[in-house]
Every structure is written in structure tokens, then in C-alpha cells.
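So you can see what is in the structure, the chains are spelled out below.
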Amino acid sequence: MASLQREHSMEVDPPSGPASHQVATSSGSNLKRSNSAPMINVLVSQPEISPPTNTFKMSDCSRLRRFSSSSMSLNQPGQSTPVKIPDRVNRLKDEEIHIVEKEKEHERDVSSAIKMSNSWQDFTLDDHQEVVCPDPHRRPRSFSESLHINVFPQPPMPVGAPSPTRVGNRKQCFSPSMQMPVKSNSFTPSPSPSPTRKSFMRSLSPIAVRPSPVGKRKLDTDMESYLSPPKRFQTGPSTPDRIMAHPLAHSISSSSLEDGSPEQLVPRSGANAEISHPRPHHMYGFMPLKDNSNDMQTTDSETSDITDHSADISDQSSISISASPGSSFQPIQQTHL
Amino acid sequence: MAGNVGDIQWCFSQVKGAIETEDVTEADIISCVEFNSTGDLLATGDKGGRVVIFQRDKAGKIAIPSRGEYNVYSTFQSHEPEFDYLKSLEIEEKINKIRWLKRTNPANFLLSTNDKTIKLWKVTERDKRPEGYNLKDESGLMRDPTNVTSLRVPSFKPMELMVEASPRRIFANAHTYHINSISVNSDQETYLSADDLRINLWHLEVTDQSFNIVDIKPANMEELTEVITAAEFHPHECNLFVYSSSKGTIRLCDMREQALCDKHAKLFEEPEDPTNRSFFSEIISSISDVKFSHNGRYMVTRDYLSIKVWDLLMETKPIETYQVHEYLRSKLCSLYENDCIFDKFECSWSGDDRHIMTGSYNNFYRMFDREAKRDTTLEACRENMKPRTILKPRKVCTGGKRKKEEINVDCLDFNKKILHTAWHPLENILAVAATNNLYIFQSKD
Chain A
1 MASLQREHSM EVDPPSGPAS HQVATSSGSN LKRSNSAPMI NVLVSQPEIS PPTNTFKMSD
61 CSRLRRFSSS SMSLNQPGQS TPVKIPDRVN RLKDEEIHIV EKEKEHERDV SSAIKMSNSW
121 QDFTLDDHQE VVCPDPHRRP RSFSESLHIN VFPQPPMPVG APSPTRVGNR KQCFSPSMQM
181 PVKSNSFTPS PSPSPTRKSF MRSLSPIAVR PSPVGKRKLD TDMESYLSPP KRFQTGPSTP
241 DRIMAHPLAH SISSSSLEDG SPEQLVPRSG ANAEISHPRP HHMYGFMPLK DNSNDMQTTD
301 SETSDITDHS ADISDQSSIS ISASPGSSFQ PIQQTHL
Chain B
338 MAGNVGDIQW CFSQVKGAIE TEDVTEADII SCVEFNSTGD LLATGDKGGR VVIFQRDKAG
398 KIAIPSRGEY NVYSTFQSHE PEFDYLKSLE IEEKINKIRW LKRTNPANFL LSTNDKTIKL
458 WKVTERDKRP EGYNLKDESG LMRDPTNVTS LRVPSFKPME LMVEASPRRI FANAHTYHIN
518 SISVNSDQET YLSADDLRIN LWHLEVTDQS FNIVDIKPAN MEELTEVITA AEFHPHECNL
578 FVYSSSKGTI RLCDMREQAL CDKHAKLFEE PEDPTNRSFF SEIISSISDV KFSHNGRYMV
638 TRDYLSIKVW DLLMETKPIE TYQVHEYLRS KLCSLYENDC IFDKFECSWS GDDRHIMTGS
698 YNNFYRMFDR EAKRDTTLEA CRENMKPRTI LKPRKVCTGG KRKKEEINVD CLDFNKKILH
758 TAWHPLENIL AVAATNNLYI FQSKD
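In order, the protein sequences belong to chains A and B.
The first sequence begins at 1 in our numbering and counts up one residue at a time.
The second sequence begins at 338 in our numbering and counts up one residue at a time.
Keep in mind the hints are simulated off the structure, nothing from the lab.
Every value quoted in this text rests on a predicted model; they were computed, and no experiment measured them.
Worth double-checking, as some hints may not be accurate.
With a straight-line Cα cutoff of 27 Å, these simulated DSSO-like cross-link-like pairs (lysine-lysine) come out [to be verified]:
hint, chain 1, residue 1, chain 2, residue 2
1, A, 171, B, 781
2, B, 431, B, 465
3, A, 93, B, 600
4, B, 494, B, 459
5, B, 395, B, 681
6, B, 465, B, 395
7, B, 600, B, 554
8, B, 424, A, 102
9, B, 732, B, 781
10, A, 93, B, 384
11, B, 494, A, 171
12, B, 424, A, 93
13, B, 681, A, 93
14, A, 104, B, 424
Facing chain B, according to a computed beta carbon distance under 8 Å, are these residues of chain A, among others [as the list claims (entries may be wrong)]:
hint, residue
15, 89
16, 93
17, 97
18, 100
19, 113
20, 174
21, 177
22, 182
23, 247
24, 248
25, 250
26, 251
27, 252
Which chain B residues stay away from chain A? Per the calculated CB distances, all over 10 Å, these [stated by the list, open to error]:
hint, residue
28, 411
29, 437
30, 485
31, 498
32, 523
33, 548
34, 572
35, 583
36, 596
37, 610
38, 632
39, 650
40, 690
Even glycine gets a Cβ: it sits at the ideal position worked out from N, Cα and C.
Hey, can you work out the whole structure from these sequences and the hints?
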């Protein structure tokens with residue numbers, strides 16, 4: 001082992017975690033070691049996996065590594081362990097063949113999560129009529145159920161085709177000159193939007209906005225101090241970040257670093273240039289327009305006060321509103337893509 | 338300009354994105370880069386499911402020498418994270434691929450896909466707004482109907498340009514495995530989507546049906562040995578497409594032969610070099626990207642260490658092979674440890690098919706001149722941003738003696754990898770994605 005290490009002298013940064021044992025033996029070296037076959041089946045991470053011949057199958061080696069990873073963390077096979085198995089072939093095999101074990105594990109996780117979430121229900125302070133005496137055994141209605149959605153495990157979202165109220169089907173507008181997303185209200189068919197209607201929330205679905213009274217405390221503090229975009233399902237806290245200009249709007253151009261080259265500046269004297277030129281000096285932050293972020297704040301607090309009943313109406317109204325701009329505004333284009 | 342004809346001298350043009358700090362927010366990591374067919378629009382997708390479209394500054398384009406910078410034109414949230422209840426799996430919102438449709442009307446269309454769902458987005462501009470309503474006054478407040486004494490017809494007045502993105506089609510629920518490629522057919526009416534084991538053919542108008550044209554799933558999953566890694570339609574022949582596998586083979590299929598194209602029309606495979614055989618041979622032979630040349634006669638494939646150009650008429654071996662980072666061959670073991678050996682690099686053709694380029698580590702990217710048989714290594718970094726300054730080529734040394742300006746292979750940063758690149762279809766402009774930054778390079782002239 002020591003001689004091999006000297007031979008290869010690998011100094012590429014080894015990852016932290018159980019995988020840091022330098023598997024130095026198997027890279028093209030002709031060193032023949034007797035294949036200690038029992039080692040392959042042992043569910044412990046063994047550093048030495050020496051190929052007996054050159055035709056040692058890669059898949060076998062991966063299988064060994066997979067076992068070693070699952071012995072590290074039985075709860076999350078291959079998800080966020082240090083030893084990831086990105087090799088698609090083996091991952092697919094694993095998924096299909098060991099699907100029963102995985103299902104059992106996940107069931108365990110889910111049922112413990114549900115138990116925890118049910119225990120939170122005992123702390124409910126809110127007394128919405130709709131949700132009077134929350135029955136832990138009753139499956140919550142998906143859209144209007146505000147209390148039980150966001151705590152555990154994840155807000156229920158439909159697979160595949162989203163509903164019309166979801167962000168996916170709404171127009172998203174952007175103003176290149178202001179470099180900001182804007183509300184798309186140029187053609188509101190109703191003269192004044194319904195007060196209960198949630199304003200333009202680009203990156204959220206109406207479901208996920210509503211924090212439960214229980215988790216409200218937790219989510220609120222998260223939102224205030226939240227700086228980085230969400231892990232997968234906290235689409236709530238992601239709003240302030242996403243509604244700001246995309247990080248790629250920060251731009252540094254070589255021409256903007258030039259000292260006075262008029263023939264280059266003049267053609268871009270439009271609004272675009274004004275935005276892109278000052279930007280190099282504000283590399284570290286981009287202050288969103290005040291009204292936009294305020295919009296988000298008021299909207300969030302609004303929605304937390306909305307009762308289930310009005311939420312239903314607003315959902316319906318948003319369904320109708322999002323459909324109509326397509327139909328009333330540009331009828332010709334409907335036949336095209 | 339000194340140098341041979343065709344020798345491109347690259348200069349920094351722009352960099353988009355925040356300064357790379359220690360902790361890059363994962364949602365900002367760019368996951369795909371794609372020019373549209375004219376090169377005026379450049380779309381990027383990121384891990385947070387957002388799409389940002391840059392537009393080339395029109396005025397700069399006609400200047401001599403043509404400059405033209407890319408500025409943000411539109412940004413929208415394309416995909417949201419989802420949860421598959423049936424399989425208890427999270428579906429990432431990361432945008433895997435973006436493909437543009439050719440423009441036929443004032444709107445622009447693009448397809449964007451995550452692991453499971455493909456969406457067709459329509460990107461339109463609006464620069465007029467109706468004014469002069471009867472029931473609403475200028476500030477949007479309702480007018481008292483009793484005060485309205487005359488009627489007027491609202492008229493359109495110009496307003497600030499607004500770019501709207503709306504999803505026109507959502508193609509969902511057709512893939513069991515993760516979608517890795519989409520490719521629009523030359524007929525501009527159909528497109529294919531490929532996941533690990535299957536390829537589906539869609540019509541852009543129809544969202545509830547797709548045809549399965551390739552299925553390599555074995556009856557018994559224990560026998561699974563390879564997966565599909567990339568697929569693309571031929572640029573001119575609407576019946577031909579290729580798909581590459583994790584075993585290093587490329588199959589060309591003709592849809593005219595049969596409905597299910599499991600049987601390939603051509604199989605491109607280079608016999609393995611026995612001297613280079615190692616434990617990792619199969620892993621590094623996995624093809625991460627395949628692209629047809631613009632003229633449709635060649636294709637380029639990228640495996641872990643090399644990039645190969647194939648003639649479609651010759652199946653036995655590639656006509657050209659270029660080593661991208663041969664100095665990593667002795668480091669394969671460590672790269673296997675830190676999973677870098679599974680990185681999927683993309684490759685691109687230049688507009689005239691004379692150059693090919695691909696990415697590497699340490700924010701290096703490599704370009705190969707097929708005619709002059711020359712290659713260049715450049716770095717995507719924020720040094721040397723002065724205008725019209727030619728970028729200095731970088732070199733990696735493996736041995737003990739390190740020349741000045743060279744970097745030792747052990748000092749390479751394997752977290753700074755350039756996986757996604759795009760070459761403008763007509764000009765020598767490169768878009769290179771380095772983690773969360775997008776670099777744009779132009780040739781000097």
C-alpha cells in the first residue's frame with residue numbers, strides 16, 4: 001500500500017468522508033494481488049479493491065462501493081452521502097431491483113414525519129371554521145388547507161401537468177430596460193383586480209405561500225434571514241430572492257472597462273447601456289426596486305391572513321384571469337403556438 | 338493580424354454573474370447554455386429552474402469591428418421543484434437542456450426541460466399599451482359611470498419594452514427516467530427527448546401523446562449494461578438521429594426503417610486500445626455529448642479524456658481524435674474518488690465546422706482547429722478583462738519541472754469545471770458557463 005502510494009503520489013484533493021481512503025491500487029497498475037473474495041461481500045468500506053485481472057468489471061467495484069455507502073447511512077441510499085454513485089447504469093439497476101427495500105424505508109420516513117406533523121397540530125392556535133377540529137386521519141384538501149401544508153413532509157404538488165393557478169401557466173414579464181421582472185397587468189380585463197386576489201407571484205404556487213400558523217413562526221424567521229435560494233421544497237422563502245433580478249444580470253464588459261472610447265459608447269446610449277455600465281461598480285449587491293420587494297412583503301402577509309374561503313375565490317379568480325388575457329387580448333395568436 | 342488565416346485570437350468580452358465567492362448558491366449554477374439559430378439570443382438555464390435570455394446589442398453588431406454585447410433580455414422561472422408521489426422521488430427543477438426553435442414569427446420559442454417535464458415557452462415583446470379607457474382613468478382607478486359623458490376608443494401608445502414569457506405547451510409524464518437531451522427536428526414540428534433508456538418523439542402541437550422510438554430497457558434489469566447519454570437529430574435530414582451510450586458507442590437511426598428504432602442503421606464504435614486498458618476504461622469511454630456538425634457530414638463526441646470527430650460514412654473509427662486533458666489519465670483513481678470522473682462535458686462546433694471546443698477543469702476550456710491541427714487552452718477568469726486584449730493560452734505541466742506560467746496538474750481546481758459551452762452559429766463568439774458565471778469571449782477581429 002505504501003509503495004503504491006509513492007508510485008502514484010496523488011495529491012488531488014481527496015473528498016472528506018469515508019471515501020477518503022485512497023483507492024490507489026486499481027488504476028492501471030499491474031500489481032497482482034490475490035483477490036480476497038470475501039471482502040467484496042463485507043458491508044464495510046474496505047480500502048483495497050484490487051482487480052485480479054485487467055478485466056475486472058467496473059460494475060462489481062461500484063457494487064462494493066454502494067454497499068459501503070449504504071452501511072454509512074442507511075436512511076438515505078445514495079442521496080446525500082459522501083459517496084455518491086453517479087454512474088447511471090448502476091443507479092438504475094439499484095432503483096429497480098431494490099425498490100422494495102427503498103419503499104419500506106421511505107414508508108418509515110414518511111410515517112414518522114406524519115406522526116411528527118400530527119403532533120404539531122396539537123399546538124394549533126388558529127380557529128378557522130373550515131378546519132375545525134383537525135382530524136389527523138383526514139387527508140387534507142390540497143389547495144385551501146393552510147394549516148397542514150408546509151410543515152412536513154412537503155407541500156403536495158401535482159406531478160406533471162400543473163394546474164392553471166400555478167406559476168407555470170402564468171405569463172412572466174420582464175423589462176429589459178429596467179432589468180427587473182414586472183407585473184403583467186397591461187391588459188387586466190377586470191377594471192380593478194379583486195382585493196383578495198394574490199398579486200403577481202412569479203416563482204410561487206399559491207399553495208406554498210400560505211404558512212401554517214404553527215410553522216409560521218419558523219418560516220417567518222426563515223424568510224427574514226433567508227439569503228440563499230431554497231432547498232427543494234421551501235418555495236416560500238425563496239420568493240424574496242427570486243423576485244430580484246437574476247444574478248446573471250450583474251455584468252462586466254470589457255468595453256465598459258475601456259477608457260473613453262466614444263465610438264463604442266455611443267451606439268449603446270440607450271437604456272440598456274445605462275444599466276450595464278454602472279453595474280460593474282456594484283458587483284457585490286443589487287438593490288431591487290423598493291416597490292417590488294414591498295410588494296412581496298405585503299403579499300405574503302396578506303395571504304397569511306386570508307381565510308380558506310376567500311382563498312378559494314381568489315384561486316378561482318386567478319384561474320379565470322390568467323385564462324382571459326390569452327383569449328381576449330390576442331385572439332389571433334391562439335391558433336399559433 | 339499575425340498568425341495564419343483562421344487562427345482565432347480570443348478576447349474577453351463579458352462576464353455575467355456575481356463574483357465567485359466561497360459559497361456559490363446552488364440555484365445559480367448554470368446548467369445549460371444555448372444560442373438561437375441566428376445567435377442574437379443566448380439562453381441559459383440554471384439549477385434553480387430559471388431561464389435567462391440575453392440579447393445581442395443590435396447597434397454593436399453592425400459596428401466595425403462587430404462588437405455587440407449580450408444584455409439580459411428576459412428571465413423567467415421555467416420549472417419548479419416537484420414531488421413524484423408514486424415513486425417517492427423529488428424531481429429537481431434544474432434545467433437540463435434548452436433548445437431554440439427557428440424563428441418564424443415575431444415571437445421566439447424555446448424548449449426547456451428538467452428531469453421529467455419539457456416545456457415550450459413563447460417569448461414575446463410588447464411595446465405598446467392601450468390607453469384611453471372609458472371606465473378607468475389614467476391611474477387605473479375606476480371612474481364614476483355617471484361622470485362619463487362621452488365615449489372614446491382606446492388607442493395604443495408606445496411603452497417601455499416588456500418581454501413576456503408564457504408556457505405554451507407542457508409535455509409531461511412521458512419519461513420514467515431522467516431526461517438528458519432534447520433535440521428539435523429540422524422540420525421544426527417534431528422533437529425528440531431522451532432519457533436513460535428511452536427516446537420519445539413528440540409533435541410540438543400535441544402534449545398528451547408521444548411516440549417511443551428507442552427503448553433499450555432490458556426485460557430483466559439485472560442485464561442492464563449501458564444507458565443513453567445524449568441524442569440529437571440530424572441538422573438537415575429529418576429522419577436521422579443519433580444517440581450515444583455510456584459504453585462509448587454512437588448509434589445512428591433512421592426513422593423510415595421502422596417505428597421502433599431499436600435496431601440501429603449505423604453503429605459507431607472505436608475498438609478499444611488494449612494498451613490503455615484500465616479499471617476505468619469503461620467509465621471514461623462513456624460519451625457525455627454528441628453534436629452534429631453544421632454541414633451534417635460529421636459529428637463530434639466527447640468522452641472523459643478526449644474529443645473525437647466522426648465521419649458519418651465511416652463507422653469503424655473516428656477521423657480525428659484530440660486529447661483534452663491527457664494529464665488526468667494517471668489521476669483517474671482520485672477523480673473516481675471525488676466523482677469528477679462522472680462529469681459530463683459538452684462540446685461545440687464553430688459555425689464553419691472548422692473548430693471544435695469543449696471544457697475542462699480549473700475553468701479551462703479547449704479549442705481545436707481541425708485544419709491547422711492546432712489546439713488552444715484558455716481560462717475563463719476575471720483577469721485580463723481589458724478590451725481587445727488577446728487571452729493568454731494556458732498550459733498544464735505534469736512533471737516536476739514547472740515552467741513559468743504553467744500550472745501543475747495537482748494544483749488544478751476540480752471544482753471549477755466548464756461543462757456547458759456554446760459557440761455562436763455564425764460568428765466567433767463563445768459563451769462559457771463557469772459554475773455560476775457566464776463568460777462571453779469574442780475573437781479579436
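Those earlier numbered hints the structure runs against, lowest number first:
1, 2, 5, 18, 19, 28, 31 and 35
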